[in-house]
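Peer 1: Sequence:
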Amino acid sequence: MANKKYFWIKLRPDFFNDPYIKLLRRMAGGDTYTIIYLEMLIKSASTNGMIYFQGAGKDIGEELALMLDENVEDVRALLAYLEAKKLITHPEITQDLFLVASADMTGSEVDSAKRVREFRERQKQKALQSNNEVTNSNDKLEIEKELEIDKELDTPLIPQGEKDEVPVNPAKDMLEIFNKSTNHKLRNYGVFGQLVMKNISVQEFQDVMNYITDNWTEDIIAKTPSTTYVKKFDQYSDTASELGYRDGKRPKKPTKGKQEPKIATNADIQQQQKKQQS
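Position in the sequence shown counted from 1, then plus 17, gives you this note's numbering.
Where hints are given, some of them may not hold.
Across the chosen pairs, the derived CB separations fall in these ranges [to be verified]: (1) K103 / L55: 16 to 24 Å; (2) E259 / N200: 44 to 52 Å; (3) E138 / D251: 26 to 34 Å; (4) A101 / D48: 31 to 39 Å; (5) E138 / Q71: 34 to 42 Å; (6) I52 / A101: 14 to 22 Å.
Quick caveat, the hints were computed from the structure, so don't treat them as lab data.
No experiment lies behind these values; they were computed from the predicted model shown.
Cβ atoms here follow ideal geometry from the backbone N, Cα and C, with glycine treated the same way.
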C-alpha cells in the first residue's frame, strides 16, 4: 500500500507584520501581490521551495500566471519585488525559482503518521468524555488495528532486504553526494527535488555520480551545472547501468575520460532562453 505525503505552509502569527510583507501590501495592488505570493509558497511546498520553469510560457512570469490563474502583469510585478528584496533566487542560469522563506514555512506528514495522530486525538476526546481509562475490548481491538495499519503503511518505505532507513530528505542527501562527488559548493538542494518527484532513490543518484566521477574528466565535471545532471539524469542512469553501476556496485575497470557528455555551456542556456522568449 502506497504511503501518501501531505504538505502545508505554516504562517507565523506576525507574518503580516513582517516589514517585507507590510511594504508589499502598501504598494498599489499589494493585497493581490500578497495572495499570489502565498499561492507561490503553497505551490513550492512539495518541491523544497522550488518552482520549475517548464517552458509553457514565454518566461516564468507568464507560466506562473497560467498555473495560478492570475494576471501576468501582477505576477511579473511581484517577481520583480521579491527578486529586489532577495526573497527569491535562481539556483543556476535558468528561470527556475527558489523561495527563500519556503523552508521555514513548510510542513509535511506521511498519511500513516496522520492516521495515528488523528486516532490519538480521538482517544483523548474519549478519555475527556468518560474521565476514565479506555478499557473496553472494542477500543483495544481498534488500537491494535490502527497500529497494524500503521505498520503496513510504513513497511514499503524500507526496501526489502535492507536495514537502512529511507532518508528523511532525499533531495538534501543528493545535494551532499553531488557536492562531495563534484567538489561543488551548491547550497540549494531544491534543484534535486525534481528527481525525488520522479521517485529516483538516493542509491540510484549515488550510482550515477559514481559513474560520472569514474568516467568523466575533472574539467567536464567542474563545468557541468547541477541542472544538467538533473535534466539528463535518465540518460546518465541508463549509461551507468549498462557499464555496471547499480546497487552501489562499480565495474572493475573504469574508463576515465571515455564517456564524456556534450555539456551545455552558460552561453548555450542563455541562447536557448532567448529562443523561447522570441
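Peer 1: Please write out, lowest number first, the hints stated earlier that are contradicted by the structure.
Peer 2: 2, 3 and 4
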